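K.L.:
The lines below spell out each chain.
2 protein chains.
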Amino acid sequence: MSASARRLSLNLFIYPGGHHEAAWRYAASDVDHLLDIDFYQKLARRAEQAKLDGIFFADGPVLADNIRFAARFRLEPITWLAAIATATSRIGLIATASTTYGEPYNLARLFASLDHISKGRAGWNIVTTSAGLAAQNFGLSEHPSHADRYGRAQEFVDVVTKLWDSWEDDAILLDKKTGIYADDTKIHPIDHIGRHFRVKGPLNTPRTPQGRPVYVQAGASDDGRSFAARYAEAIFTAHQTLANAREFYADIKRQAKALGRHPDHIKILPGISPFIGSTEAEAQKLHDDFNELVQPEYSLHQLKRMLGIDLAGHDLDAPFPSHLINFDGAQAVASRFKVVLDIVDREKPTLRQLLHRLAGARGHWVTVGTPEQIADRMETWFQSGAADGFNVMPPYLPGGFDTFAEQVVPILQKRGLFRLDYEGTTLRDHYGLPRPESVYGQQARATA
Amino acid sequence: MSASARRLSLNLFIYPGGHHEAAWRYAASDVDHLLDIDFYQKLARRAEQAKLDGIFFADGPVLADNIRFAARFRLEPITWLAAIATATSRIGLIATASTTYGEPYNLARLFASLDHISKGRAGWNIVTTSAGLAAQNFGLSEHPSHADRYGRAQEFVDVVTKLWDSWEDDAILLDKKTGIYADDTKIHPIDHIGRHFRVKGPLNTPRTPQGRPVYVQAGASDDGRSFAARYAEAIFTAHQTLANAREFYADIKRQAKALGRHPDHIKILPGISPFIGSTEAEAQKLHDDFNELVQPEYSLHQLKRMLGIDLAGHDLDAPFPSHLINFDGAQAVASRFKVVLDIVDREKPTLRQLLHRLAGARGHWVTVGTPEQIADRMETWFQSGAADGFNVMPPYLPGGFDTFAEQVVPILQKRGLFRLDYEGTTLRDHYGLPRPESVYGQQARATA
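Protein sequence lines, in the order shown, are assigned to chains A and B. Take 1 as the starting number for the first sequence in the UniProt record's numbering and just add one per residue. Take 1 as the starting number for the second sequence in the UniProt record's numbering and just add one per residue.
Just so you know, these hints were derived from the structure itself, not from any lab. Quantities reported herein were computed from a predicted structural model and do not represent experimental measurements. One thing to keep in mind: the hints can contain errors.
A pair holds if it fits inside one copy or across any two, identical chains being indistinguishable in the list.
[Stated by the list, open to error] Restricting the straight-line Cα-Cα distance to at most 30 Å, the calculated cross-link-like pairs of lysine-lysine (DSSO-like) are:
(1) Lys304 x Lys200
(2) Lys285 x Lys257
(3) Lys304 x Lys177
(4) Lys42 x Lys257
(5) Lys119 x Lys42
(6) Lys253 x Lys200
(7) Lys176 x Lys285
(8) Lys257 x Lys186
(9) Lys338 x Lys186
(10) Lys304 x Lys186
(11) Lys177 x Lys285
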């Protein structure tokens, strides 16, 4: 394979305790250290040793309502990644943050800081927050509608982009002799006046190593897709089947092209939660062991969040009661709604079987097999227009990731599908994304 | 001196480039690395080697309007301190954050993270933001009034306190066998409904090592003083004279006592900016060298911010035109207004002399002398009811701090005024502050 051949992008998606909803109960899970930064620094260093593109934290500004049964508290991702940044030197650091429940000026500062601290490794997973309960932590009587959230998200991204661009790259002169610290003609107020925000700017931090953090997006509704096609440089997505993943991939690349973007500048990265064994039987046993630990009361809570219906009290071993699904209702998590319906259509599961299917990674692709089999499946998705890489979602930590790093990554490397070493230092370098010029710098050059 | 004798608290107040407004022009200033986290990690480790209580960053969500002449950009303090936390193990980490331009739920999360990441070393310098221009970055047509800002600040602190208390210390059970992760009767919604905020809670993060970060405050107006007496556990204050510092100290301790608080649980820490030389003449020469670098255009900008009047064009070597001061006007920085008037009354300076007096540390105490003399003056303030310690504000970095750490700290230690080593691991330990119990835990015990 030539050095310029297309290669997989791989992130480690860190969920405290692991992605399987019962991971914290698994004997080999290290869950005594979920509030200990050392645990995450070690994990990030392992991911860096395996040459992954980035690590990623999800987020939402509200406590899950089923904390009784699982380690579902949240770490604030930007601060945790700032602390991980200085224990690593290459791996990308992707934080989720909401456009619905924050101020653009504050968030622009936090991400600019992370990009400076990490010397160019920050990514922002832009979310509108699906958990309606969040509204109650921010003085709102109700969660804004899906369309309103996306309207605000677009304007939010426009504002923070202008703030990140507000200092041109060469604004700092640092001329001790003349006493001129900065060329203030290269530091621009953004004078934004829009429907949701009025922000004068400029940002109070010089431009960052990457110019702007990498823009990541994860919504799969129609609004989410067009938002992604316009803004995203990486997309975290959930698909259960190759066919669905290919449809999504083709649609996004087509929409992006129609907007004049280079399709290679949007990396589409489905989630994959691998249960790995040295034999198929061993892998299956591992998966079964996890399902043994599942607590239906918790799983039904999760299903309710995805489908909007409460199936508590239903016979777990009867067929899933499809007729109760409300297709017209507003679903909290649009992307997951489709995933669940798709499983139901295809597999006709019992309620318990459906709960087990979803317990692994909340609707993401769970795959069970030997390292060769996992690598084969990843290669198939990669080579057949379904993925540019993957968000790796270990069922438990740290062992679930160690197995992947030690047994699957070397196979991908041997096949020429994954890097042997980093070639650059920033997350943009790893993903093969250009460093954007400041819009103000462009304007200045255009009128010069 | 016995182990329990009263001892100084000392923080390093880090201003990028140093506190003297022309520090960045000084030859020995390292200003090529002001956006490099390594620079601050090294500085924090030096402060930790000197056994200081904490390091401290100021903040405001707006760019200073005179960036042309000085390194006056802002680092976002919480992210920078998160990155410094993991390069240190004992020193406290105090970040400034505004109650006027943020949401309590978001800020509570950021500080809870910092306290977890640092294993109990976070402090919050609570400010209402004095820079009126900040309003324009947050969609407001004007900066809220001083009284409104303090009203919101009180409610803001009440809300975040309840959020930090919302998980009792023993809420996490982690019982793999029964499948109970947390005792959700020990995780409390806060159900706050007030004039400025409606926040349901609970926080989405377990209680932190210190229970709550240390509450720090810096305002010196009447509102600021009563706010401090009620909430603050450390006060950063600016005084030019022993007499003023004593008046402030006595007033705060008296007000705190009247509120039923233990006066030892509020550490009063004036700023001190020491110009140190091996002889008095050498120290004076250092100070003169800095004044040579001052740029009047910049200094007049700063003075305008403190006094609300623009003296550009006035004869720098004529007496300061006191008659132009508007005593009835709303001053942006109430605490500094008094400091400036006091200098004018006492010293009858020319305009240039006044600018030089303020260039050192924006109204804080600048003191010039040998290490012995500096130590003597600190001891006098400490022993005569003016200070429980100091916020050390080096004129330039890193040399300005190195000299203090290497030459002044050992004298204070020899005199038994400062610790030889840390006795605890948290900022509360260093300041001798109790760890607060969760209010919800207290209530539960009271009704049990």
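K.L.:
Against each hint, give a clear statement of whether it holds in the structure.
P.N.:
Structure-based check of all given hints:
no.	hint	verdict
1	Lys304 x Lys200	between (42 Å within a copy, 22 Å between copies)
2	Lys285 x Lys257	neither (44 Å within a copy, 65 Å between copies)
3	Lys304 x Lys177	between (66 Å within a copy, 25 Å between copies)
4	Lys42 x Lys257	neither (40 Å within a copy, 47 Å between copies)
5	Lys119 x Lys42	both (19 Å within a copy, 17 Å between copies)
6	Lys253 x Lys200	neither (34 Å within a copy, 41 Å between copies)
7	Lys176 x Lys285	between (68 Å within a copy, 19 Å between copies)
8	Lys257 x Lys186	neither (32 Å within a copy, 52 Å between copies)
9	Lys338 x Lys186	neither (48 Å within a copy, 36 Å between copies)
10	Lys304 x Lys186	between (52 Å within a copy, 24 Å between copies)
11	Lys177 x Lys285	between (71 Å within a copy, 20 Å between copies)
This entry does not satisfy hints 2, 4, 6, 8 and 9, going by the numbered hints stated previously.
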